[in-house]
Each structure stands twice: as structure tokens, then as C-alpha cells.
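Trainee: What follows is the residue order along each chain.
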Amino acid sequence: MTVTSMRRRSTAVAAVDRPGRIRRGGPWGFLAPAIVLFIAFLGAPIGYAAYLSLRRVKVSGLGLGAGSRTEVWAGLSNYGRSLTDPEFLPSVARVGAYGLIVVPLMLGLALLMALLLDAGRTRVGGFARTAIFLPYAVPAVIASLLWGFMYLPRISPITDVLTGLGLQAPQMLSSGWILYAVANIAIWGGTGFNMIVLFTSLRSIPTEMYEAARLDGATDTQIALRIKIPIILPSLVMTFVFSLIATLQVFAEPMTLRPLSNTISTTWTPLMKVYRDAFVRNDVYSAAATSVVIALATFAISFGFLKLVGSRAFRQED
Amino acid sequence: MRKTIAGVLAASLLLLASGCSGSDDDSGDQAAGGKVELTYWSWTPNMDKVVETWNSGHPGIHVTVNKQDGGDPAVAKLLTAIKAGSGAPDVMQAEYQKVPTLVSADAIADIKDEAGSLKDKFPESVWNSVTLGSEAVYGVPQDSGPLLFFYRSDVFDKLKIKAPTTWDEYAQAARTIHKANPKQYLGTFSANDPGWFTGLAQQAGASWWGVNGDSWSVNINDAATQKVASYWGGLVQEGAILNTPMYTPEWNAALNDGSQVGWVSAVWAPGVLEGNAASTKGKWKTAALPQWDAAAPSGGNWGGSATSVTTQSKHKKQATEFIAWLNTDPAAVKLLAGTANIYPAVTDSTAALSQPPAFFADQTDFYTLAADAGKVAKPFTYGPNVNVAYNAYNDAFGKAAESKQSAQFTSALATMQTTTVDDMKSAGFKVAG
Chain A
155 MTVTSMRRRS
165 TAVAAVDRPG
175 RIRRGGPWGF
185 LAPAIVLFIA
195 FLGAPIGYAA
205 YLSLRRVKVS
215 GLGLGAGSRT
225 EVWAGLSNYG
235 RSLTDPEFLP
245 SVARVGAYGL
255 IVVPLMLGLA
265 LLMALLLDAG
275 RTRVGGFART
285 AIFLPYAVPA
295 VIASLLWGFM
305 YLPRISPITD
315 VLTGLGLQAP
325 QMLSSGWILY
335 AVANIAIWGG
345 TGFNMIVLFT
355 SLRSIPTEMY
365 EAARLDGATD
375 TQIALRIKIP
385 IILPSLVMTF
395 VFSLIATLQV
405 FAEPMTLRPL
415 SNTISTTWTP
425 LMKVYRDAFV
435 RNDVYSAAAT
445 SVVIALATFA
455 ISFGFLKLVG
465 SRAFRQED
Chain B
120 MRKTIAGVLA
130 ASLLLLASGC
140 SGSDDDSGDQ
150 AAGGKVELTY
160 WSWTPNMDKV
170 VETWNSGHPG
180 IHVTVNKQDG
190 GDPAVAKLLT
200 AIKAGSGAPD
210 VMQAEYQKVP
220 TLVSADAIAD
230 IKDEAGSLKD
240 KFPESVWNSV
250 TLGSEAVYGV
260 PQDSGPLLFF
270 YRSDVFDKLK
280 IKAPTTWDEY
290 AQAARTIHKA
300 NPKQYLGTFS
310 ANDPGWFTGL
320 AQQAGASWWG
330 VNGDSWSVNI
340 NDAATQKVAS
350 YWGGLVQEGA
360 ILNTPMYTPE
370 WNAALNDGSQ
380 VGWVSAVWAP
390 GVLEGNAAST
400 KGKWKTAALP
410 QWDAAAPSGG
420 NWGGSATSVT
430 TQSKHKKQAT
440 EFIAWLNTDP
450 AAVKLLAGTA
460 NIYPAVTDST
470 AALSQPPAFF
480 ADQTDFYTLA
490 ADAGKVAKPF
500 TYGPNVNVAY
510 NAYNDAFGKA
520 AESKQSAQFT
530 SALATMQTTT
540 VDDMKSAGFK
550 VAG
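Order-wise, the sequence lines are chains A and B. Start counting the first sequence at 155; every next residue gets the next number (this note's numbering). Start counting the second sequence at 120; every next residue gets the next number (this note's numbering).
In short, the hints are calculated from the structure, not lab data. Just so it is clear, CB atoms sit at the ideal spot from N, CA and C, and this is done for glycine as well. Hints may be right or wrong, so weigh each one.
[As the list claims (entries may be wrong)] Footprint (simulated), chain A over chain B, 3 or more residues, beta carbon under 8 Å:
#1 163 to 173
#2 214 to 227
#3 328 to 340
#4 442 to 450
#5 468 to 477
[Claimed, not checked] The following label-pair restraints were derived from C-beta to C-beta distances:
#6 B:S378 with A:L300: 20 to 30 Å
#7 B:A342 with A:L237: 45 to 55 Å
#8 A:G250 with B:A526: 25 to 35 Å
#9 A:L450 with B:D541: 34 to 44 Å
#10 B:D541 with A:F303: 29 to 39 Å
#11 A:F195 with B:S545: 29 to 39 Å
#12 B:G190 with A:A273: 10 to 20 Å
#13 A:L300 with B:G190: 43 to 53 Å
#14 A:I200 with B:A203: 50 to 60 Å
#15 A:G219 with B:S236: 36 to 46 Å
#16 A:T238 with B:A203: 53 to 63 Å
#17 A:L196 with B:S545: 24 to 34 Å
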């Protein structure tokens, strides 16, 4: 029904115009819903954020009473302020260090677990898979609260156990440990998801390959290193890019842990700075500028990385 | 991470949506028979019950309470409605430190002409918060939070020490207690609670903002505040008190198990202690806030709010009549104290507060202490960017508390001062000095 009426309408359009129009207009008609949704829910907000990043509020005099605030054109001054903010670069560096801890550890663990599960030695495979995946289903805020309670020495069962064993429990929320404390939550929550992605692509490898390898005398370790990992390299690249993006956007964990200690500032990560500017300082304009910078950096890093390894990684598939 | 961003976006959309839907309330205005409908945003528990009394006694003006989540979300919502041009309530609860921000955003109205003479009914420090030291009146004070000192009398008795009357004695008591039991502390310096520190600075005589003619002055890094910062920094540095924030599960546990044996807090503390450390009931006592100069007692506030009329209200006169009744009429004040459980800001609230709070049932002089503390509170003016200053407090004092170096506490003040002044200047405010 719909298709017929659609076609009839395009024919009608074509009748008024010229015949060649059918082929050019048709696809756009089918794309229209997607394009409209894309523009309404992605394009327009991004455009509005970019517009806001070029504006600012100008206050006159005491700034009290009606008409003392006007929104004016700011040029690139918001960008200048955002990039030269003394808190911005340290927050970027912090996220860099955080990424160096999280990404290799999380992907390494995920890969190891995927390979172990795939090796099929364990009878509790299904249970283990669910158990490893489960933390991913816990929202980051809840996970941070859970871990936050375990990091607080007075109420932490971990501290009790360690002290019981005569060991000194680390002050997880002190400045020396805080980065690991946050990274730990991310690894706990993210390993399962990456493990499932890698495990699924391991499962799609035809078993004939393993048989052939075994006939040639390959051990399990050799099969893992020389067959499995090279074949699932595209999946590894994909999980790496996802993890990279998640790292750049780390927000919920430090935000939730912040009130528990003195060590996490309100500008601890770039996204926290955006949040602070927008909702604590009521300065959406600076927040928009910083958001645009973060978005551009994320694009540049993700696509740069894909370009760097992409061709090489995907060639393995052939 | 995606989920979080989506959550934040969804929350702000909700805010927008709820801000917009508020405009439906306006259509209820001027209902049958010239009856005026007012909406009132408040987060005080049981405020609807207090307002019921008004409604039954004033058939011409009907007030509907719209329960809010709290001070910060309500302000965000109000500012959104103001920006959108509709959707704001007629009457709004506004924390004292938010008043300048709301005035600056043209969200709350000057009701000087409608309010008449309310000034004499309130302590000077509180009245100052709704006038910003000017001729205008931006609301009627509702509740206040005079600072008091709460301590575990059993611990003090055992060590044969008396409740401190000066800050020197407080420091001495802190040392004695921690020495007698290394697990016990008399207090903590909380980098998470700028309102607490502001109250202490207020007691010492600071007033962080001020209006001189057509320009603002900012005095966060003044001698009085420096005295307060280096005092607490010194106690943290020598280890006599803790450096961890208040209102954490850790702090609750410490209050409960008797390792946190004192709290410099405000008149509303009994409610918090009852909720967080119910098992210690009967062991606490209240005393006046320790003084810098025992001969000239002074005080500060932590918390409190005013009731304001928004600029979008079409019934400024009726709204002012309502908020004046709510916060000064003896019957209403009694309801505020008894039903809404707040400490009314009016000077003569003693009639409404004859019984001490349940958690301090034996302390018959509780409200006398509170009233005395309220009377000596020093005037303090908040500025238009309290949010920026408070945020700078969180970050700068967080670092200082973590370092446990007294010198860092005073340099944190310098950071607060520069951050606040820079923000005002870059926004275009006229700042003197």
C-alpha cells in the first residue's frame, strides 16, 4: 500500500517535472525520515552548541535588575579561554594517564578471558560469560557508589580483611591512588562488554583452521597467538577505538567519587569541566566551546587511529 | 559514558519540558470570581500543609505548592523558565546565597513598594541577605541557620573538659581529645561545604561581596577570612582535626561509632544527627559557637532561605501579601517551626519554639542558644557569582586539605579571590579594586 502510493506520488512529481527526476528524487524520499531525525536530534543540537560557543553574556554595571544582561557575539574568545584555562591541560593529561592504565588492562583482560572461554576447557563457560559480562549491566554511577563505599577505609570490608591479615590497606581515595581507584571501576565495568565482542568474533572462526593447525603440530598457545588473535584483529581495533572514546569521555565515575574525598577536583576530567562550566557556573557558552574542542579531538584521535591501523588490520581479513 | 551523557541530556530536556509545562499554571490565573491563583516552588517538607492554613483563611488568593527537588535544581529550573519567557511560578524559595544570582538574572522582583515595613521583624544579618545592602527588597526571609557547636558531652565529661567558649579553647579541646584517643577527633575541615566556611568567615567579620555605588567589591581574601583559614589549616596540619569532607558515608560512620565527637554546625543539626547517628541520642549537647573574642560575641549562618516573588508573576501584590504572612504571621511561623521543621528567620520566634528538638530533648535552652546566635550574626553580603566562588572553594580547599599544610589554606583563599574577581570582570561586572 504505502509503496504503491509512494511510487504514485513520485510518478506524479515526475509528470510535472521531467522524467529523469524519478531516479534522483526517489532515494531522497526514502532517506528523508533518517535525515530529518538526524538533523533534529543530532545536527541541530550540535549546530546550536557550535553557535553558543561563539556567544557570551555581557553584564553591565552591577548586573542587577532587568536588562543588565545581554547576549553578545564573542568570536573565538570562549575557545581561547577554554584552551588557556590552567585546569584544562592538567585534566587532559590526567585522562591520558587514565587511558594508559585502563585501555591496555581492560582489553588485555577481555582478550585473555575471551581466549580462555573459547578454548572450551571449562564446563562453566555459559555461567562465566554471564558473570564477566554482568558488571557492564551495572550503571556507572551505581558501580562508582559501590566501589566508593569499598574505598572508604572506615566502612570498607576490604580494609577490614587486609588489617585482619596484618597488612596496611592503601588509601584508595588519596592523591597517590585516586587514578587507579577510578580506573579500577572502569575496568570492572568495561571488561565484560569487550570480552563478549572478542568472544563472538572468536566463535565465527571456522574450526577447520584449528584442525589444520593441530595436524601441523601447533599447541593451544600457538593457535591463540598465531591464528586467533590475527583473525580477530579488526574486532580488537574496534574495541580499542570504543575504549579510547570512552576514556576521553570519562565522567560518571570521578563525578560520583568526588564528594567522598578531597582529591578529585570539579575539573578533574575535561567533561567534568564542561559540566562545571555549564551547570555550576551557569556559563553554557564556555561549556559549549570546550565541548566542541573535545568532540573535535575525539574525532581526530579515533579516525587518526583507524587510518593508522585500519588498512593494516583489515587486510588480515582477506 | 554514552549513557551518562544521554542521562544529562535527558535531564536537561526534562528541565526544559517541566519549565515549559509550568506555563499551564498561568492559565489558571484570574479564575472565577476574580480569585487569584498563585504557584509556589519550594522544597521544604510539609510546606503544602502550612499553605493550607493560608488558603482556608484567604478565599481570594489561592496558593498551590509545587514541590521542588532542592535549592540547586529549583534555581536551574527557574532560570530556564525565565529565559524561556514563561513557566516560572509566582513565588519561589531562594537560598540566601542564590538571591544575587537570581536578581542578576532578572528572575526575582523587587517588592519594596508592596512589602511595606518588614525590616524590623528580622535580624540585621538576615535582612541584609534579601536587600543586598541596597534599597531594594528581593524577598522575605524564611529560615536561617545560625551556627552552633555540638559535642559529645560524655566524651567531654570523661576527659574533664568544658565546652569551648573561644576558638583557642576549641583547639585545646581538639588536641586533648585526639591525644587521649588517637581515633577520636573533635571535628573535620570539609572542603565540600563552602556554606560552612562562609558562615565561619562571617563570624570573623568578613563580608565577601559588597556594593559601592555602581560597582561590586570582592573581599574573600581579607584579614578576617585569612584568620579563619589559617586557624583551621593549623589544626589540620598538626593533626588535631580531620581533613575529610562532611556528609560522606565515612563521616556518618564516624559520628555513629563515636570517633567524630564534635560538629561546628547550625541550628538544623539535630535533624542531621538524628538521621545519621541515631544511636548516639542523648550523648550530644549544644553550645554557643566558640568565639574569637569572648568579650564581643559574634555569629555566622550556614544555610537558610528567603521567599521571593518572580518577575513573571502577574500578581506581585497578592504574592507579596502571601509571603509576608507566611514568614511573619505568628500562626504561620508556628507552622513553619512545628510542621515544616525549619528555624524561622523572624526575630520573635520564641513562642513558636518552646520545645527543644527531639534529639536534644534534655537541652531546654536549645532555642535560646539559637536565638542568641542569630542575634549576634554579622551582616554578610553575597555576590552575583557565589556559584563560582563556592566552586573555587571546593577545588582550592580540596587541594589544601589534602596537603595538610596551613600555608596552602591561606593561598587557597587567594585562588578563590582571583577566580571570583576574574569571572566577574570577564562577564562585564564593574568591580572596584
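Trainee: Take the hints in turn and mark each one as holding or not.
Mentor: Cross-check of the supplied hints:
no. : hint                           : verdict
1   : 163 to 173                     : violated (count 0)
2   : 214 to 227                     : holds (count 6)
3   : 328 to 340                     : holds (count 4)
4   : 442 to 450                     : violated (count 0)
5   : 468 to 477                     : violated (count 0)
6   : B:S378 with A:L300: 20 to 30 Å : holds, 24 Å
7   : B:A342 with A:L237: 45 to 55 Å : violated, 36 Å
8   : A:G250 with B:A526: 25 to 35 Å : holds, 30 Å
9   : A:L450 with B:D541: 34 to 44 Å : violated, 26 Å
10  : B:D541 with A:F303: 29 to 39 Å : holds, 38 Å
11  : A:F195 with B:S545: 29 to 39 Å : holds, 33 Å
12  : B:G190 with A:A273: 10 to 20 Å : violated, 57 Å
13  : A:L300 with B:G190: 43 to 53 Å : violated, 28 Å
14  : A:I200 with B:A203: 50 to 60 Å : violated, 22 Å
15  : A:G219 with B:S236: 36 to 46 Å : violated, 23 Å
16  : A:T238 with B:A203: 53 to 63 Å : violated, 33 Å
17  : A:L196 with B:S545: 24 to 34 Å : holds, 32 Å
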